[in-house]
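Novice: These protein sequence lines are chains H and R, in that order.
Going by the UniProt record's numbering, the residue at position 246 of the first sequence is 246; the numbering climbs one at a time, nothing skipped.
Going by the UniProt record's numbering, the residue at position 43 of the second sequence is 43; the numbering climbs one at a time, nothing skipped.
Derived from the structure by calculation, the hints contain no laboratory data.
Bear in mind the structure is a predicted one, so any value in this text is a computation, not a measurement.
Take the hints with a grain of salt, since some may be wrong.
[Said to hold, decoys possible] Computed list of lysine-lysine pairs in DSSO-like fashion (alpha-carbon distance at most 30 Å, straight line):
1) H:K19 / R:K141
2) R:K69 / R:K86
3) R:K156 / R:K131
4) R:K90 / H:K19
5) H:K29 / R:K156
6) R:K86 / R:K17
7) R:K132 / H:K29
8) R:K156 / R:K132
9) R:K131 / H:K19
10) R:K156 / H:K19
11) R:K90 / R:K132
12) R:K17 / R:K58
13) R:K123 / R:K143
14) H:K29 / R:K157
15) H:K113 / R:K123
16) R:K156 / R:K68
17) R:K90 / R:K68
18) H:K29 / R:K123
19) H:K19 / R:K157
20) R:K131 / R:K143
21) R:K157 / R:K143
22) H:K29 / R:K131
23) R:K68 / H:K19
24) R:K90 / R:K131
25) R:K90 / R:K141
26) R:K17 / H:K29
27) H:K19 / R:K86
28) R:K69 / H:K29
29) H:K19 / R:K58
30) R:K68 / R:K86
31) R:K17 / H:K19
32) R:K58 / R:K69
[Said to hold, decoys possible] Pairwise CB distance ranges, derived in the manner of DEER restraints:
33) H:T121 / R:E122: 31 to 37 Å
34) R:E47 / H:V112: 36 to 42 Å
35) H:K257 / R:M15: 46 to 52 Å
[As the list claims (entries may be wrong)] Among the chain H residues that face chain R by a calculated CB cut under 10 Å, a handful are:
36) E7
37) M8
38) R15
39) V18
40) D20
Note that CB positions come from ideal geometry on N, CA and C, so glycine has one too.
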Amino acid sequence: MARLPLEMINEIICRLSVKDLLRYRSVCKEWCSLIDGPDFIRTLLGYWRSDAAVWDPSTRKYTKLSFNNTDSPYPSAVIGFGYDPVIDDHKLLTSTIISRGKDMSEFQLYRVKAKTWERLTEDFSDNFGYDDFGRHALVSTSLACDAKAAGSRTWLKYPIRFRVRSRDLQSEQVFVAEFRKRTCPLHTGGRIRRLPLLALPLRRTRTSQVARSDGPGYFVYGVPLKYYETTVQLLLYVDCERLILYDLKTKTTKDVKIPGIPESIGALLGVRSLVGI
Amino acid sequence: MSSSSTTTTTTRLLMLKASDGVTFEVEEAVATKLGAINNMVEEEGSEDLICLPNVNGKFLGMVLEWCKKHANNNTNSDKGNDEVNKWWDKEFVMDLDQNTLYHLLMAADYLSGTELVDLLTEKVASMIRGKKVEEIRETFKIKSDFLPGQEEEIRKKNSWAFE
Chain H
1 MARLPLEMIN EIICRLSVKD LLRYRSVCKE WCSLIDGPDF IRTLLGYWRS DAAVWDPSTR
61 KYTKLSFNNT DSPYPSAVIG FGYDPVIDDH KLLTSTIISR GKDMSEFQLY RVKAKTWERL
121 TEDFSDNFGY DDFGRHALVS TSLACDAKAA GSRTWLKYPI RFRVRSRDLQ SEQVFVAEFR
181 KRTCPLHTGG RIRRLPLLAL PLRRTRTSQV ARSDGPGYFV YGVPLKYYET TVQLLLYVDC
241 ERLILYDLKT KTTKDVKIPG IPESIGALLG VRSLVGI
Chain R
1 MSSSSTTTTT TRLLMLKASD GVTFEVEEAV ATKLGAINNM VEEEGSEDLI CLPNVNGKFL
61 GMVLEWCKKH ANNNTNSDKG NDEVNKWWDK EFVMDLDQNT LYHLLMAADY LSGTELVDLL
121 TEKVASMIRG KKVEEIRETF KIKSDFLPGQ EEEIRKKNSW AFE
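So here's chain H without its partners, still in its complex pose (with noise of 0.2 Å):
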């Protein structure tokens, strides 16, 4: 087989078992530095689906879980993980697609120490950020939302519909926000559409398209990070690159510059803690 792309190899290495990856790290450097990247074990913990295992780092050891069964024909994914310190147990959070279609899915959550699976009940999609990708990653006890891979493709190619709902813990603001990434591929000549956002602030009183025109606001891909209610301004991450300040009022937009920021900065969308469910 002629050599493949990083990314190609990415999606096939997350396949296989902790003891061949830990076999393979020594095939080259660039594998070796894949499998102990950060985002390589997120994604693994998407891809074992069909059965899911915690690994502890420290006695190399890990434990399988299985699924619950459910009645969906589609893989259940590993869409959250973390540390709940109010219940002092490791909390694992799994989606399952039943419609896709109708863009339904089911959620189950899962005790480490108790050994318990639980089905979420209907709301919790309503109530609990998710996205559709399942790249989720459950950084200590709040859920976050892995908004980007710097530099991949990988994000482009799935022109598929993201919904984000999200609360902000500290001063209980809420946003809702829904945009539809319609992006042509970027390698299929470069046509790329406008990406329409939906900014809605939980009450329903507004509602807003985003960065809809050419001019210096104009972005393909944007993340909403935090929505703040007496400017109703809303800080996006965008193309995987800058943070703009977006005034939904005179629909106006403005560059954010954080000193000392890194050039390459992955954004990631908090959403509520594990705690509560």
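Following the hints, complete the assembly by docking chain R onto the known chain H.
Specialist: Chain R only, in chain H's frame:
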């Protein structure tokens, strides 16, 4: 004989042109199983002829064959369809040689055929499970670029994986 106004069920046909000039006439419902085509079709004012300069006719044909099967199986909404699809997928990848697999994978990725990429990457994964490091290098045409001693060090770290 006028043919334009007689048919009531009109399925739009798309013409897909591969890098080597080979063209395929495909129903829109079939071709849009590929994310890239779907995006192009959704764009206003898109034309019926779509040029795909990065895919050669042989592999485009195979990708479309897969799309057709899946589109057909999905139209009858029986419960047994997933079984049929699974069985058919198995047949589809069973005898693929490495070279074909490689080109198909590249074509499917280029065309954003997510499900097909899934199927093919799983096939490659099944071929490399439980192999020796040397066999992996051979399969993917990789040369070890570790400095002397480095590889041994990595192996030592997880020696249990080599047992």
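Novice: None of the hints should be skipped; say for each whether it holds.
Specialist: Hints and how they fare:
1. H:K19 / R:K141: 22 Å, holds
2. R:K69 / R:K86: 11 Å, holds
3. R:K156 / R:K131: 18 Å, holds
4. R:K90 / H:K19: Holds. K90 (chain R) to K19 (chain H) sits at ~26 Å (cutoff 30 Å).
5. H:K29 / R:K156: 16 Å, holds
6. R:K86 / R:K17: Holds, at about 29 Å.
7. R:K132 / H:K29: Cα-Cα ~17 Å, so holds.
8. R:K156 / R:K132: 15 Å, holds
9. R:K131 / H:K19: 11 Å, holds
10. R:K156 / H:K19: 14 Å, holds
11. R:K90 / R:K132: 25 Å, holds
12. R:K17 / R:K58: 11 Å, holds
13. R:K123 / R:K143: 23 Å, holds
14. H:K29 / R:K157: Between K29 (chain H) and K157 (chain R) the Cα gap is close to 15 Å, so the pair holds against 30 Å.
15. H:K113 / R:K123: Violated, at about 35 Å.
16. R:K156 / R:K68: 49 Å, violated
17. R:K90 / R:K68: 16 Å, holds
18. H:K29 / R:K123: 24 Å, holds
19. H:K19 / R:K157: Cα-Cα ~12 Å, so holds.
20. R:K131 / R:K143: This hinted pair holds, its Cα atoms lying about 16 Å apart.
21. R:K157 / R:K143: 21 Å, holds
22. H:K29 / R:K131: 18 Å, holds
23. R:K68 / H:K19: 38 Å, violated
24. R:K90 / R:K131: 22 Å, holds
25. R:K90 / R:K141: Holds, because 26 Å separates the two Cα atoms, which is no more than 30 Å.
26. R:K17 / H:K29: 39 Å, violated
27. H:K19 / R:K86: It holds: about 28 Å lies between the C-alpha atoms, which stays within 30 Å.
28. R:K69 / H:K29: 40 Å, violated
29. H:K19 / R:K58: Distance ~37 Å between K19 (chain H) and K58 (chain R) Cα, so the pair is violated.
30. R:K68 / R:K86: 14 Å, holds
31. R:K17 / H:K19: Distance ~44 Å between K17 (chain R) and K19 (chain H) Cα, so the pair is violated.
32. R:K58 / R:K69: Answer holds: K58 (chain R) to K69 (chain R) is near 17 Å, not above 30 Å.
33. H:T121 / R:E122: 31 to 37 Å: 33 Å, holds
34. R:E47 / H:V112: 36 to 42 Å: 54 Å, violated
35. H:K257 / R:M15: 46 to 52 Å: Holds: the Cβ-Cβ distance is about 48 Å, inside 46 to 52 Å.
36. E7: Holds, about 8 Å.
37. M8: 6 Å, holds
38. R15: 4 Å, holds
39. V18: 8 Å, holds
40. D20: 6 Å, holds
Checked against the numbered hints listed earlier, the structure breaks hints 15, 16, 23, 26, 28, 29, 31 and 34; every other hint is satisfied.
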